[in-house]
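**Student:** Please put together the full structure from these sequences, using the hints given.
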Amino acid sequence: MPAVLDITGERQHPDSKLIPLQRMPKKGWACLCEECGQETHPIALGRLRPVKTTGKFQVSCRRCATKRVSRDQRIDHTGETYGRQRAIKPDPKRSRHWIFYCAPDLGGCGKEKSIYGPNVWSQTLPVPTRSCGCYHREYTSSLFKEDLMGFQAEGSHLKVIAPAANRGETTCWKAQCDLFGNVIEIASVNLKGTTDTPPTYACGCRRPNQYMYLSGQIFGWLTAHVMSGRKNGDCYWDCTCKCTGKHVEVRADHLTRGAIVSCGCKPRGWDTYWGFIKDPELAEEPCSFYWVEVFGVAHNFGISNDIERRGGGDYTELFYGIWGTRAEARTLEAIMLIRSKFAEYPQLPPEDPSDWQGQTELRQPMDSDLTVAEIESVLAEIQKHGWRNTWLKHLSTD
Numbered sequence: 039m040p041a042v043l044d045i046t047g048e049r050q051h052p053d054s055k056l057i058p059l060q061r062m063p064k065k066g067w068a069c070l071c072e073e074c075g076q077e078t079h080p081i082a083l084g085r086l087r088p089v090k091t092t093g094k095f096q097v098s099c100r101r102c103a104t105k106r107v108s109r110d111q112r113i114d115h116t117g118e119t120y121g122r123q124r125a126i127k128p129d130p131k132r133s134r135h136w137i138f139y140c141a142p143d144l145g146g147c148g149k150e151k152s153i154y155g156p157n158v159w160s161q162t163l164p165v166p167t168r169s170c171g172c173y174h175r176e177y178t179s180s181l182f183k184e185d186l187m188g189f190q191a192e193g194s195h196l197k198v199i200a201p202a203a204n205r206g207e208t209t210c211w212k213a214q215c216d217l218f219g220n221v222i223e224i225a226s227v228n229l230k231g232t233t234d235t236p237p238t239y240a241c242g243c244r245r246p247n248q249y250m251y252l253s254g255q256i257f258g259w260l261t262a263h264v265m266s267g268r269k270n271g272d273c274y275w276d277c278t279c280k281c282t283g284k285h286v287e288v289r290a291d292h293l294t295r296g297a298i299v300s301c302g303c304k305p306r307g308w309d310t311y312w313g314f315i316k317d318p319e320l321a322e323e324p325c326s327f328y329w330v331e332v333f334g335v336a337h338n339f340g341i342s343n344d345i346e347r348r349g350g351g352d353y354t355e356l357f358y359g360i361w362g363t364r365a366e367a368r369t370l371e372a373i374m375l376i377r378s379k380f381a382e383y384p385q386l387p388p389e390d391p392s393d394w395q396g397q398t399e400l401r402q403p404m405d406s407d408l409t410v411a412e413i414e415s416v417l418a419e420i421q422k423h424g425w426r427n428t429w430l431k432h433l434s435t436d
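Residue numbers for the sequence shown follow my numbering, beginning at 39 and rising by one.
Do not rely on the hints blindly, as some may be mistaken.
Derived DSS-like pairs: lysine-lysine, alpha-carbon spacing no greater than 25 Å straight-line [stated by the list, open to error]:
#	residue 1	residue 2
1	212	197
2	230	280
3	316	422
4	431	316
5	149	197
6	127	149
7	230	212
8	127	212
9	127	151
10	65	55
11	94	64
12	284	269
13	316	284
14	149	94
15	149	131
16	65	94
17	230	197
18	131	151
Computed Cβ-Cβ distance ranges for the label pairs, DEER-style [claimed, not checked]:
#	residue 1	residue 2	range
19	132	52	45 to 53 Å
20	200	272	23 to 31 Å
21	77	51	36 to 44 Å
22	154	192	29 to 37 Å
23	89	126	36 to 44 Å
Bear in mind the hints are in silico, worked out from the structure with no lab data behind them. Computed from a predicted model, the values in this text were never measured in an experiment. Positions of the beta carbon are idealized from the N, C-alpha and C atoms, including for glycine.
**Tutor:** Below is the structure:
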């Protein structure tokens, strides 16, 4: 059996930083790394000596090898300029990356960015990196961007006052609406229009059902004064409540359809029998009773200040509607719900049927002609005997 080769303390190559210390059976040699001064894990003898075919060998421990800078970073590019960029220093966190400054004196934007070095100083790339990306943005923007400063389409209330940040490849501008002074960001194509679509003519304040002209109108206990602004495409109005004169901001359609009628001071049950008794003005407020069909099937009863909006949805259509006072509309709605939905589902009515706010949907299809005849019969009774007597006759208020 051949003797085991002892290389303890013998450097296997003049450039090697590894000095063998002890042989580890079946594992290799534990070595001392002169570069960091620490003992390494066992290394095979074949890795300590140069390979005959390639001449490669392990120079140091793995810890030191990973810290060793790459060839590109050993070359000092500090201060060199490439297009709009000036090299500052190697990026310590990313291999073969350099921190570049997009210098304003070179036409840059003043931004610092970490860029893969070979993409900058490569002589083989057809288009090496020459900026932080600002040149590409400026170039592509110049291809599509038409100067629209001061532009106002015929019949439009929007006038361009300043450029805006682009959205992807869409060129945008800031435009002011001359109706209320709102400033919006809008795409060039929407400002000018196309052969198929007209230009946008307002900021949204003239959109149907936005009800921009509500100044001085009263909605329950709220009086609208001035439009306070727009959020997510909806108009908001500054209102005062008659309770203490408190100011609240309310969405326009919430006012017009009666969804919000106070600053929050009205107690539960305000829109029922006892609420009308306590507030005669509320009882006499104009309101409508409506019946809409959903996907072509008569479906929902309800009351609203805005009867057109209730039946103007994507899949709803007004089937029947009639105007009166709020007390009359609520009485008619309550009686019809008792005779339709709650008659079929007797377990649903609350203990006091006069106070079921929110339970206004008729889920079961009904015969249209019979239901309309019944609605008109109840309505005639309300008009003849008054809403209060009709409520006392058909609904419990105990």
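**Student:** Look at each hint and say if it fits the structure.
**Tutor:** Hints, verified against the model:
| no. | hint | verdict |
| --- | --- | --- |
| 1 | 212 - 197 | 8 Å, holds |
| 2 | 230 - 280 | 46 Å, violated |
| 3 | 316 - 422 | 22 Å, holds |
| 4 | 431 - 316 | 20 Å, holds |
| 5 | 149 - 197 | 33 Å, violated |
| 6 | 127 - 149 | 15 Å, holds |
| 7 | 230 - 212 | 14 Å, holds |
| 8 | 127 - 212 | 40 Å, violated |
| 9 | 127 - 151 | 11 Å, holds |
| 10 | 65 - 55 | 20 Å, holds |
| 11 | 94 - 64 | 23 Å, holds |
| 12 | 284 - 269 | 21 Å, holds |
| 13 | 316 - 284 | 21 Å, holds |
| 14 | 149 - 94 | 42 Å, violated |
| 15 | 149 - 131 | 19 Å, holds |
| 16 | 65 - 94 | 20 Å, holds |
| 17 | 230 - 197 | 11 Å, holds |
| 18 | 131 - 151 | 13 Å, holds |
| 19 | 132 - 52: 45 to 53 Å | 33 Å, violated |
| 20 | 200 - 272: 23 to 31 Å | 25 Å, holds |
| 21 | 77 - 51: 36 to 44 Å | 19 Å, violated |
| 22 | 154 - 192: 29 to 37 Å | 51 Å, violated |
| 23 | 89 - 126: 36 to 44 Å | 39 Å, holds |
Figure legend: structure checked against the earlier numbered hints; hints not met, in rising order: 2, 5, 8, 14, 19, 21, 22.
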